[in-house]
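Heads up: the protein sequence lines correspond to chains E and B, in order. Residue 53 in numbering that gives the first Met the number 0 sits at position 54 of the first sequence; the count goes up by one each step and never skips. Residue 50 in numbering that gives the first Met the number 0 sits at position 51 of the second sequence; the count goes up by one each step and never skips.
Keep in mind that a hint or two might mislead.
As the list claims (entries may be wrong) - List time: in silico DSSO-like cross-link candidates among lysine-lysine, alpha-carbon distance up to 27 Å:
(1) Lys57(E) to Lys399(B)
(2) Lys360(B) to Lys57(E)
(3) Lys248(B) to Lys180(E)
(4) Lys122(B) to Lys157(E)
(5) Lys248(B) to Lys411(B)
(6) Lys57(E) to Lys230(B)
(7) Lys180(E) to Lys411(B)
(8) Lys323(B) to Lys157(E)
(9) Lys360(B) to Lys348(B)
(10) Lys248(B) to Lys57(E)
(11) Lys145(B) to Lys323(B)
(12) Lys157(E) to Lys399(B)
(13) Lys180(E) to Lys399(B)
(14) Lys145(B) to Lys194(B)
Keep in mind the hints are simulated off the structure, nothing from the lab.
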Amino acid sequence: MSRTRSQEDRRQALAGWLFVSPALLGLIVFLVVPIVLALYVSFTNWDGLSNPLGGDVKWVGLHNYQQLLTHDGLTRTTFAGALRNNFWFVLFVVPTQTALALWLAVLVNNKYLRGRGFFRTAFYFPSITSSIAITLVFLFLFQGGGAVNGILNWFGVKGPNWLADPRGVVHVWLSGVGVTKPPGWTQHSVMGQSLWDWFSGPSIAMMVIIILVIWTTAGTFMLMFLAALQNVNEDLYEAGELDGAGSWQRFRYITLPSLRPTLLLVLTLGLIGTWQVFDQIYLTGNNPATRTPAYMSFDQSFQNNHFGIGSAIAFLLFALIMGLTLLQRRLIPEEID
Amino acid sequence: MKSVRVQRIIGVAGAAAVLVTAAACGSSGPSKSSGSSSGGTGGSGGTGGATSGVTLQVLIGSSGDAETNAVVAAGNAWAAKTGNKVVVTPAKDLTQQLTQSLAGGTPPDIFYVDASKFQGLVKGNALADVGEKITDSSDMYPNLQKAFTQSGKYYCVPKDFSTLALEINTGLWAKAGLKDSDVPTTWDQLETVAKKLTGNGVTGLVMSDTLDRIGAFMRQAGGSVVSADGKTVTADSPQNLAGLQYVQKLAKEGVLKFPKQVDTGWGGEALGKGKAAMTIEGNWIVGGLQKDYPNVHYKVVPLPAGPAGNATLSFTNCWGVAQKSAHQAAAVDFVDYLTTVDQQMSFAKAFGVMPSRQAAKTQFTTEFPDQAAFVTGADNAFGPVGFPGFDAVQKDFDSKIQGLSDGSSDPKSMLSSLQKNATDALSNN
């Protein structure tokens, strides 16, 4: 009796494995194998001109990681610049897009708003349009003599030559208040870049991409907030109103706490997405003012034939995103005690 | 025993011949006699007999439709003559696409190789050593041959070449009250005319912010980034500094601007739009202006001489044949066809490049007297720095050039970091 039982179990298990095997095979071939191979490549000097597992490829140990992190050279300086650019990018994009998405969601969730469907579609539209197409349009808008500067001109403001301007906005602001020379203490160098350079803020060229990304992704996240808002129990608002809560208090003490899991989701997705920004950077060309680690990984691999360094960047980026996501979860617990 | 083997060989050869003929019929109609196919181009060595019924994959980094169509036409002509087939693919990003196909183990049979990428491909064992197999391959300009020679091996033959020259918008020139005799031949004269031409929304000189332009001034001052033997980095020299300081002087005076500063993509666009009175570009500007700004009148003159005399930069590609190509003999035969004087001249007509054969020099200057300045440049032209890893170094240098205008980049520190980074990259080879 027990034997047949276990046979039955085994058969069921086998059937189970059989059913998931196509998906599993796909995962292994397209995910696990490439990741393992990339990890291997990051420890080699593979130049991309031969078989990565062939005889010409030399195991170089941590050399690629050293080039990126400790060896004083161009690779490290470039990587530090890319990290700096992306750090400021994340700092500007994630909070803004989250706040904007939440605000838009609350707006279009209003029962008394006319043409709700229209606004929902309008706000969501940029998210479903090709990022390449949108970026190209932005490149035209933000040319030196483009539409944006034309509009600024009406107000007597002479706009910068946006995409060609490598100045950091913090530096621009500092020079506006009279700090033009870097103070002595900022000369301390971290990873081949002075502190002054680290604190430059995003370049004006990067600001264009920041605006672009906020505008395109806010729609997606608005949709998530909207779904969550519609799950909030109406009774809570009624109870709040009875207790004499104003609209701000209802938002602060009812809406926000109910949205907490969604907020965490949006922040996490935003963080991951912004550290991986690539398409928009690719289209603006190889510009040190907008270069990000993801772009540098591509550039090192396919343009300079340093696939080892390219892969090493990918894994460093992975570690960074992982670390920051865990930190964020720590700072914003999913449930309130 | 022996006779059995011979029989088998004959059998295999016969079968192959049948297959080959069948394929040839399929691809190009009535089969041409295949064995003597290469006779027309001089029956170059190494191409063997049966190079018929083969499909050659050709990957090119095309400058536009004119170039693509010209290469396709040449491919079709050769295919019809030899009973082979040629598939030409214009790459969107040649370096990336070539790398991908090499990594995949199935590279195209023939591809463009930029002089700056050549050494890396040799190091990666991607290029077949076929330069000597091409008819009269020693007729190519010596400095172009040198660009594609590594450790005594002449790997691939130069396809064509371009040099930098000064292009002047003749309308704006006359408007500023300048005459033919005012064409600058020295740095001082260049500065003077640039000043006269600047104003009313026109900048005297607009050129791209890259070492591939600025480098000409460094050469004219007697400097170089790498020593002639390619073994030492010589970026941090007083000569290079003089070249860079001259560029900075013009930029600070506002008579030299970089394309982005006048809202354009490159010098040709600035010249065509009338935003620049002069620019420094290579032969490709001829086709570019013809296509986009056919009504702009301009003339091409040699670059002015610097303190160390005349110098310009040259750019070239070769027809690389893949080491892993299964049809090397056919590929060599096709390259041989592509590099005949006639074919090079038809490329010159189609998209404005200069033949790499010295035998075609007179023909070119007779046909295109307006472009004589480009040909003159060949005598004192220097090729790009070619060692693997220099690309990234150059990009870093290039990114600082625009800063020369507002003083945020300092020539001295630009050169010292160029020295440091290039030395670093060279030592990694």
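Q. Holds or violated: are the alpha carbons of Lys145(B) and Lys194(B) at most 27 Å from each other?
A. Outside the cut-off at roughly 39 Å; violated.
Q) Is the hinted pair Lys122(B) and Lys157(E) satisfied, with a Cα-Cα distance of at most 27 Å? A) It is violated: about 51 Å lies between the C-alpha atoms, which goes past 27 Å.
Q. Has the given pair, Lys157(E) with Lys399(B), been kept, meaning a C-alpha gap of at most 27 Å?
A. With Cα atoms ~24 Å apart, Lys157(E) and Lys399(B) stay inside 27 Å; holds.
Q: For the pair we were handed, Lys180(E) and Lys411(B), check the Cα-Cα distance against 27 Å.
A: holds (19 Å)
Q. Quick one, are Lys248(B) and Lys180(E) close enough, alpha carbons at most 27 Å?
A. holds (23 Å)
Q: Sort out whether Lys348(B) lies within 27 Å of Lys360(B), counting only the CA atoms.
A: holds (14 Å)
**Q.** Restraint check for Lys248(B) with Lys57(E), where alpha carbons must lie at most 27 Å apart
**A.** violated (47 Å)
Q.
Checking one constraint from the list: CA of Lys145(B) to CA of Lys323(B), max 27 Å. Satisfied?
A. The hint holds at about 24 Å.
Q) Would the pair Lys360(B) and Lys57(E) pass a check requiring their Cα atoms to be no farther apart than 27 Å? A) violated (46 Å)
Q: Measure nothing beyond the straight line between the CA atoms of Lys180(E) and Lys399(B); if it is 27 Å or shorter, mark the hint as holding.
A: holds (19 Å)
Q: Decide if the proposed pair is consistent with the structure: Lys57(E) and Lys399(B), CA atoms, cutoff 27 Å inclusive.
A: Status violated; Cα separation ~34 Å.
Q: Mind checking the alpha carbons of Lys323(B) and Lys157(E) for me, to see if they're no more than 27 Å apart?
A: violated (57 Å)
Going down the numbered hints, you'll see the structure goes against 1, 2, 4, 8, 10 and 14, while the others check out.
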